[in-house]
Amino acid sequence: MNDMRKIEREARMTDTKITARNVNVFYGETHAIKDVDVDIADKTVTAFIGPSGCGKSTFLRCLNRMNDTIDICQVTGDIRLDGTDINAASVDPVQLRAQIGMVFQKPNPFPKSIYDNVAYGPKIHGLARTKADMDEIVERSLRRGAIWDEVKDRLDQPGTGLSGGQQQRLCIARAVATEPEVLLMDEPCSALDPIATAQVEELIDELRQEYSVVIVTHSMQQAARVSQKTAFFHLGNLVEYNDTGLIFSNPNDERTESYITGRIG
Amino acid sequence: MVLSAFLLLLGATLLAYFLNRKAAISIRAGGTQLHSLESFHGLFAALSVLVPVLAGILIWLVLRGSAVDWFLLQSLPEGTFDGLDSGASQLIVAEIKSIAGGRVFGTPDPWKTEAAERLLRYNEIADWAMVALVAISAAVLLWFARSTVGAQFRARQSAERIVLGLMMFCATAAIFVTIGIVFALTFETIKFFQIVPFTEFLFGTSWEPQIPIREDQVAAEGAFGAVPVFLGTIVISTVALLVAVPVGLMSAIYLNEFAPHRLRSAVKPVLEILAGVPTVVYGFFAVLTVAPAIRQFAATIGVDVAPNTALAAGSVMGVMLIPFISSFADDALSAVPRSLRDGALALGATRGEMMLNVLFPAAIPGIVGGVLLAVSRAIGETMIVVMAAGLIAKMTINPLDSVTAVTVQIVTLLIGDTSFDNPKTLSAFALGMMLFLATLFINIFALRIVRKYREIYD
Chain E
111 MNDMRKIERE ARMTDTKITA RNVNVFYGET HAIKDVDVDI ADKTVTAFIG PSGCGKSTFL
171 RCLNRMNDTI DICQVTGDIR LDGTDINAAS VDPVQLRAQI GMVFQKPNPF PKSIYDNVAY
231 GPKIHGLART KADMDEIVER SLRRGAIWDE VKDRLDQPGT GLSGGQQQRL CIARAVATEP
291 EVLLMDEPCS ALDPIATAQV EELIDELRQE YSVVIVTHSM QQAARVSQKT AFFHLGNLVE
351 YNDTGLIFSN PNDERTESYI TGRIG
Chain A
13 MVLSAFLLLL GATLLAYFLN RKAAISIRAG GTQLHSLESF HGLFAALSVL VPVLAGILIW
73 LVLRGSAVDW FLLQSLPEGT FDGLDSGASQ LIVAEIKSIA GGRVFGTPDP WKTEAAERLL
133 RYNEIADWAM VALVAISAAV LLWFARSTVG AQFRARQSAE RIVLGLMMFC ATAAIFVTIG
193 IVFALTFETI KFFQIVPFTE FLFGTSWEPQ IPIREDQVAA EGAFGAVPVF LGTIVISTVA
253 LLVAVPVGLM SAIYLNEFAP HRLRSAVKPV LEILAGVPTV VYGFFAVLTV APAIRQFAAT
313 IGVDVAPNTA LAAGSVMGVM LIPFISSFAD DALSAVPRSL RDGALALGAT RGEMMLNVLF
373 PAAIPGIVGG VLLAVSRAIG ETMIVVMAAG LIAKMTINPL DSVTAVTVQI VTLLIGDTSF
433 DNPKTLSAFA LGMMLFLATL FINIFALRIV RKYREIYD
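Chains as they are written, first to last, in our numbering: chain E, 111 to 375; chain A, 13 to 470.
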């Protein structure tokens with residue numbers, strides 16, 4: 111079976127890209143993330159799975175400091191990207207977010223043309239000197255987003271006019287246009303139909319060649335299909351973190367086993 | 013009498029409700045399945061008594077006065093009004109009415125006293141006729157409503173249809189009233205343009221409407237070139253918008269994105285209260301504080317400024333419009349989905365870049381709509397301009413000069429002795445018509461802009 115082949119696929123052990131130690135997140139009084147330690151490898155797809163409200167999206171948003179934009183949210187602990195503390199005073203969250211791209215649950219193209227959607231990131235970070243440079247970045251990003259062939263003749267049309275799956279791939283292209291090192295994906299397929307989901311999953315597998323990809327997903331099948339490493343979150347705790355194949359075939363923790371066999375969650 | 017008619021109607025309505033409800037309950041108690049709930053049978057009965065009779069009472073009250081007058085005129089001796097113009101005959105009727113009301117001056121002619129007594133009798137008859145009609149029609153409708161009660165009767169649908177009709181009436185009432193206003197304006201405007209040529213009004217550069225009403229008054233010949241008046245409105249509105257648009261937008265952006273939560277929750281209600289300050293209060297502020305301040309400041313730098321200036325009126329009007337624009341813009345910005353903010357921030361945009369490049373364009377239709385509504389308000393604003401800008405129409409675009417506005421001229425033209433066959437009075441209607449058309453076109457334009465540039469982000 112196709113899925114099983116992917117599960118069995120051996121995760122290449124490479125450099126660690128992100129290390130997180132003792133991460134705690136509070137929403138006001140609520141303790142949303144409890145002492146989470148994770149090492150996220152480079153050029154690997156890491157999946158965060160777990161039941162709703164377990165904190166997997168919250169933890170993902172710690173990695174590019176998106177939680178800073180929520181007033182009542184407080185993050186403590188040590189998160190390092192290539193050894194640099196991302197919460198240090200010297201780190202500008204704006205720069206950090208250019209290095210760590212993010213794709214959201216619901217496709218959120220800007221109400222601008224397809225071209226401008228992709229060009230927006232490079233423009234605000236000054237990545238292109240000339241129009242030709244920008245054209246090249248846009249084309250390259252759209253190709254990486256696996257949507258170039260579908261939109262190359264209508265780059266000046268609004269991105270909001272695309273179908274849901276195309277919009278999500280446009281958002282992925284937009285995220286890779288700033289040349290990030292890590293790509294965070296918060297349930298990128300939950301608003302898509304099965305065909306669009308398959309296209310995005312295929313794309314995620316290709317993106318692994320160049321980026322470290324972290325994907326939050328509700329679907330265990332999806333985690334099994336696309337990821338090499340899987341982390342299981344439950345009630346704000348990181349219960350188990352291991353190679354995807356091991357998590358799904360031979361989990362250590364009883365809670366993980368209950369979840370993947372469908373007894374909880 | 014009117015009160016007793018209303019009380020009668022109220023009683024009939026309540027009676028209809030309870031009678032039908034009771035009838036429906038007894039049908040159900042008899043073991044038959046009802047189509048509608050008992051209370052809907054009651055509601056249908058109540059509405060079918062209330063609505064027609066109420067409409068009848070209102071129509072009666074509107075028509076009663078002229079009907080009684082007609083009977084009164086018919087009853088007067090032949091030849092009473094021979095050789096009298098309409099003003100004099102109205103005077104006679106008014107005198108009869110005041111005698112009937114017990115206010116007798118001097119010794120009236122005996123036929124007038126008789127007429128007054130007849131008038132009182134007519135009024136009494138009219139009152140009793142109304143009560144009787146209300147009683148009869150309410151009884152008929154009650155009987156009709158009671159006869160509808162049955163297991164199969166769709167009382168809910170019928171009651172809902174009546175309510176739907178009422179809502180439709182309310183929704184269209186404003187439109188019909190507006191059409192009425194336009195008609196009233198149109199007739200007077202046409203009369204005006206029969207006296208003053210259209211081109212003179214539209215392109216003339218001199219506005220001096222003070223022409224004599226009576227032979228013995230001394231005044232200028234009169235000139236009706238509306239250009240300086242409209243120019244005044246444009247100058248004042250421009251000043252107002254130059255104040256209101258930047259300040260309003262900046263405050264909306266700050267409150268929406270950058271202000272700490274506590275400051276926002278304190279400032280927003282205050283801004284909304286500002287929107288409720290009567291314009292006459294702003295007028296005081298303009299004339300007592302701002303105008304002297306401008307004059308003094310200008311004097312210190314050696315410029316002579318009129319005591320009433322377009323700048324004073326316009327800037328205070330701008331302050332008045334700030335809450336208007338900022339609350340519109342704030343609503344428009346808040347309506348942009350959170351996902352677009354997150355999307356921009358996640359790409360590494362600063363909050364400023366996000367606001368400028370993503371939120372603001374997405375919110376522009378709402379913002380433009382708010383600004384253009386503010387323009388309409390600036391053009392139509394009267395009180396501040398009357399108090400602070402001046403009355404003399406000058407052909408100038410200098411905001412430091414005293415100018416007048418269309419609304420101000422309308423007010424001054426219609427105050428005091430007026431006669432409706434005089435171009436001075438009629439010109440007010442022509443100005444009003446132009447003002448109405450101008451704001452109408454601005455609003456249409458605003459709607460078009462909003463439609464055209466609306467960006468669909470969901």
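Worth flagging that the hints you see were computed from the coordinates, not collected in a lab.
One or more hints might be untrue.
Unchecked claim - In silico SDA-like pairs for lysine to any residue, Cα to Cα no more than 20 Å straight-line: (1) A:Lys464 <-> A:Gly381; (2) E:Lys222 <-> A:Arg463; (3) E:Lys222 <-> A:Gly378.
Unchecked claim - Taking CB as the label site, the calculated pair distances span: (4) A:Ala186 <-> E:Asp243: 24 to 30 Å; (5) A:Arg166 <-> E:Ser162: 43 to 49 Å; (6) A:Phe296 <-> E:Gly163: 27 to 33 Å; (7) E:His141 <-> A:Ala186: 51 to 57 Å; (8) E:Asp315 <-> A:Pro349: 25 to 31 Å.
Heads up, the beta-carbon is just placed ideally off N, CA and C, and yes, glycines get one too.
Evaluated hints:
no. : hint                              : in the structure
1   : A:Lys464 <-> A:Gly381             : holds, 12 Å
2   : E:Lys222 <-> A:Arg463             : holds, 16 Å
3   : E:Lys222 <-> A:Gly378             : holds, 17 Å
4   : A:Ala186 <-> E:Asp243: 24 to 30 Å : violated, 57 Å
5   : A:Arg166 <-> E:Ser162: 43 to 49 Å : holds, 46 Å
6   : A:Phe296 <-> E:Gly163: 27 to 33 Å : violated, 57 Å
7   : E:His141 <-> A:Ala186: 51 to 57 Å : holds, 55 Å
8   : E:Asp315 <-> A:Pro349: 25 to 31 Å : holds, 30 Å
Consistency note: the structure conflicts with the earlier hints numbered 4 and 6.
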